[in-house]
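If you want the building blocks of each chain, they are given just below.
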Amino acid sequence: MNSDALRADSVRKIYRGRNGPDIEALSGVSLRISRGERISLLGRNGAGKTTFLRIASTLLAPTSGSVEIFGRDAIADPESVRPYLAVVPQEGKPFMHLTPREQAYSYLRARGFSKETAQSRADHALEQMGLTEVADRLSITLSGGQRQRTMVATVIATEAPLLFLDEPTIGMDPFARRGVWESFKELTTKGSTILLTTHYLDEAEALSQRLYIVDQGRLLAEGTADQLKHRVGGTLRVSVVSGDGISQQLATFGPIVRDGDTVHVITGPGDLKEILALAAHSNLTTTVGPVTLEEAFLRVVGRSIHDEF
Amino acid sequence: MNSDLALPAVSRSRWTGLGAFIGTELRVQLHEVLSIATSVIVQAVFLVFVAVLAREYLSYTLLGAVVFSTFQIGQRVQNESAWIRIDHKLHQLYHASPMTPEAYFLGMSVGILLAYCLPIVVLFTASAILVPLTVPAALVLVAVLGAEFVFTASVGYMISTWFQNMRSIWPYSTLFFNFFGVLPPVFYPLYLFPQALQPWVLLLPTAGGTALVEEARGLLSLPTAWVVLAAVALVVAAILAFVGAVYWARRISRER
Numbered sequence: 000m001n002s003d004a005l006r007a008d009s010v011r012k013i014y015r016g017r018n019g020p021d022i023e024a025l026s027g028v029s030l031r032i033s034r035g036e037r038i039s040l041l042g043r044n045g046a047g048k049t050t051f052l053r054i055a056s057t058l059l060a061p062t063s064g065s066v067e068i069f070g071r072d073a074i075a076d077p078e079s080v081r082p083y084l085a086v087v088p089q090e091g092k093p094f095m096h097l098t099p100r101e102q103a104y105s106y107l108r109a110r111g112f113s114k115e116t117a118q119s120r121a122d123h124a125l126e127q128m129g130l131t132e133v134a135d136r137l138s139i140t141l142s143g144g145q146r147q148r149t150m151v152a153t154v155i156a157t158e159a160p161l162l163f164l165d166e167p168t169i170g171m172d173p174f175a176r177r178g179v180w181e182s183f184k185e186l187t188t189k190g191s192t193i194l195l196t197t198h199y200l201d202e203a204e205a206l207s208q209r210l211y212i213v214d215q216g217r218l219l220a221e222g223t224a225d226q227l228k229h230r231v232g233g234t235l236r237v238s239v240v241s242g243d244g245i246s247q248q249l250a251t252f253g254p255i256v257r258d259g260d261t262v263h264v265i266t267g268p269g270d271l272k273e274i275l276a277l278a279a280h281s282n283l284t285t286t287v288g289p290v291t292l293e294e295a296f297l298r299v300v301g302r303s304i305h306d307e308f
Numbered sequence: 000m001n002s003d004l005a006l007p008a009v010s011r012s013r014w015t016g017l018g019a020f021i022g023t024e025l026r027v028q029l030h031e032v033l034s035i036a037t038s039v040i041v042q043a044v045f046l047v048f049v050a051v052l053a054r055e056y057l058s059y060t061l062l063g064a065v066v067f068s069t070f071q072i073g074q075r076v077q078n079e080s081a082w083i084r085i086d087h088k089l090h091q092l093y094h095a096s097p098m099t100p101e102a103y104f105l106g107m108s109v110g111i112l113l114a115y116c117l118p119i120v121v122l123f124t125a126s127a128i129l130v131p132l133t134v135p136a137a138l139v140l141v142a143v144l145g146a147e148f149v150f151t152a153s154v155g156y157m158i159s160t161w162f163q164n165m166r167s168i169w170p171y172s173t174l175f176f177n178f179f180g181v182l183p184p185v186f187y188p189l190y191l192f193p194q195a196l197q198p199w200v201l202l203l204p205t206a207g208g209t210a211l212v213e214e215a216r217g218l219l220s221l222p223t224a225w226v227v228l229a230a231v232a233l234v235v236a237a238i239l240a241f242v243g244a245v246y247w248a249r250r251i252s253r254e255r
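Residue numbers (numbering that gives the first Met the number 0), protein chains in the order written: chain A, 0 to 308; chain B, 0 to 255.
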C-alpha cells in the first residue's frame, strides 16, 4: 500500500487578472506527506499557503502539476478522494442558527455517520475544544474564538484520514490553542494525517513533525523545527536594536539577519561577551536568547513572518 | 507514524448525506420566522389591492400568488447558497467530504422549500376554498409547483455562484425574480397581456405555469397548442435548469 497520504508535484497556480496582471500564487510546489504525519506550512500572509491547501483539498484547480491523495489522482478525479478529506477553511464560520452540538452532529450525519457515532464523536470533539458548556447555545451568541473552535470541533470529529486546517487557531486564546494542539496530536495517533497552515511560529514548532517554509509561492525549506534552527548556524541569537551601524563588525561573529532596525547575530556562547561589549560601546540595547524558529524563518526568507507583502 | 492503516470504507452513493443536509438547512431556516412570515408580503399586498380594486380578478391573483411564492424559493436558495459560500465558507466543509455537490445543492434547496412551504400551503388552501379548485386543477397546480421549484431552485443556485460578494447579488436577485415573477401575467390573467406577445410569455415558467393552472380550473380558455407550448416549456425549463445546476454544482465544487 502507498504510504503517502499526499504527494504534490510541481503544483503551479496562476490567478488570471481580470482587471490587472496575472498573479502567480504557486510556482512549482512539490511535497510529500506520509500517513499519520502532522505537517505545517509556515509563511507570511499571501505566501501561497492557502492556495496550496485548497488545491490539495480538491477545492481549487491548479494551473499545472499533480496531486495524489492516498495514491489517487486528486486532480483528474477529485470525487474519488473527497470522502477521505475534511477541511477547516480559513475564516470559516459555523451556521449561526445552530448550536455547536447541532453543527458538529449534523455535519457528521451529512458525511454518512450513524446517529450514535455522530452523537458520541460530536460530544467528544466539543469536549476536546472546551465547548461543552456552550454546546447548546446558538453560535450567533458565541465569541469569535468559540465559533472557530466550533469549526475545528466539527472537522476533527470526522476523524477523516486526511485533514486540512487553514489557520485553525486564529482568534483563539493561548489556552484554547493548546487544547487544539492536543486534539491534533490525538488524531494523528489514531491514524489521521494533518496538513495545517499557520503563521504562528510556536504553533508550527509545537505541533509539526515536519514543516515547510513557504514564501512567494515557493517552498524554501523543509525539515523538523530543530533541523531548520540548526541551519541558522549557531545556538544563540543576539539582537542589537538599531545595530545597523555596527553590522559589519557583528557579521564577523556569525550570520546576521535584519528585522526592521534590529540586527540579529546568530552565534555561540564563546563570542557573546565580545558582542555585548561591542554593542555597549555604541550604547545600543541588546538582548540574548536561544535561536528560535523565527531566526530560521528570517534566515530562510530574509524577512520576518510578521511582515506584510 | 501509521503508514500501514487501511482507508475506511466509504459510501459510493451520490446522495450520501442528502437527508441530513435537508434537516440542517431546515433547522437553520426555521430560525428565520419573520423572514418566512414576510415571504408572502408582496402576494398579500397584491391580493388586497385586487380585492379592493378589481375583485373579478381575485381568483387569478390567488393562483398566481401560489405560483409566485414557489418561484421565490429560488431567491432564498440563491441568497442562502451565496451567504454560506461567501460569508461562512461552509461549502468547503461539504465539498471536501463524501457528500456530492449535487446532494449539497439539492439538500439546501429542499430544506429551504420545507421551511418556506407553510405560506405556500396557506395560499394553496385559500385557493382551493376560494377559487375553488377542482381536483384536476389541484393536481395540475401541484405538478406546476413541482416544476416551478425545480426550475427556480436550480437557477437560484447557479446565479449564487457567479458573485464574489453579497452586495452585488442583491440587486440582480431582486431584478431577476421580480421581473420574471411580477411583470408577466402571473397575478393577472393572460388575456390582459398584449395579444401578440401572449404565446411568447407562456414560455416563461411563471406565466406559463399559472396559465396552465387557470386553464385546468376553467378560468382561461387557451388554444390546445398554447397549452402544449406552456407545458412543454415549463417541463423543458425545469429539466434543463436542473441538469445545468447539477453540472454547475459539480464544476464549481472545485474553483478555477
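Careful, some of the hints might be misleading.
[Stated by the list, open to error] Simulated pairs of lysine-lysine, DSBU-like, Cα-Cα distance not exceeding 30 Å: (1) Lys92(A) with Lys114(A); (2) Lys189(A) with Lys88(B); (3) Lys88(B) with Lys92(A); (4) Lys189(A) with Lys92(A); (5) Lys114(A) with Lys88(B); (6) Lys272(A) with Lys189(A); (7) Lys184(A) with Lys272(A); (8) Lys92(A) with Lys184(A); (9) Lys184(A) with Lys88(B).
[Said to hold, decoys possible] If you want a taste of the chain A side facing chain B, the calculated C-beta under 8 Å gives, among others: (10) Phe94; (11) His96; (12) Ala279.
[What the hints assert, rightly or not] Take a look, some chain B residues computed to stay more than 10 Å from chain A by CB distance: (13) Glu55; (14) Leu89; (15) Met98; (16) Met165; (17) Leu174; (18) Leu202.
FYI, nobody ran anything at the bench for these hints, they're computed from the structure. Glycine is no exception: its CB is placed at the ideal position from the N, C-alpha and C atoms.
Hints versus structure:
| no. | hint | verdict |
| --- | --- | --- |
| 1 | Lys92(A) with Lys114(A) | holds, 24 Å |
| 2 | Lys189(A) with Lys88(B) | holds, 28 Å |
| 3 | Lys88(B) with Lys92(A) | holds, 7 Å |
| 4 | Lys189(A) with Lys92(A) | holds, 27 Å |
| 5 | Lys114(A) with Lys88(B) | holds, 25 Å |
| 6 | Lys272(A) with Lys189(A) | violated, 49 Å |
| 7 | Lys184(A) with Lys272(A) | violated, 41 Å |
| 8 | Lys92(A) with Lys184(A) | holds, 24 Å |
| 9 | Lys184(A) with Lys88(B) | holds, 26 Å |
| 10 | Phe94 | holds, 5 Å |
| 11 | His96 | holds, 4 Å |
| 12 | Ala279 | violated, 49 Å |
| 13 | Glu55 | holds, 44 Å |
| 14 | Leu89 | violated, 6 Å |
| 15 | Met98 | violated, 5 Å |
| 16 | Met165 | holds, 14 Å |
| 17 | Leu174 | holds, 23 Å |
| 18 | Leu202 | holds, 33 Å |
Violated hints for the displayed structure, listed by number in ascending order: 6, 7, 12, 14, 15.
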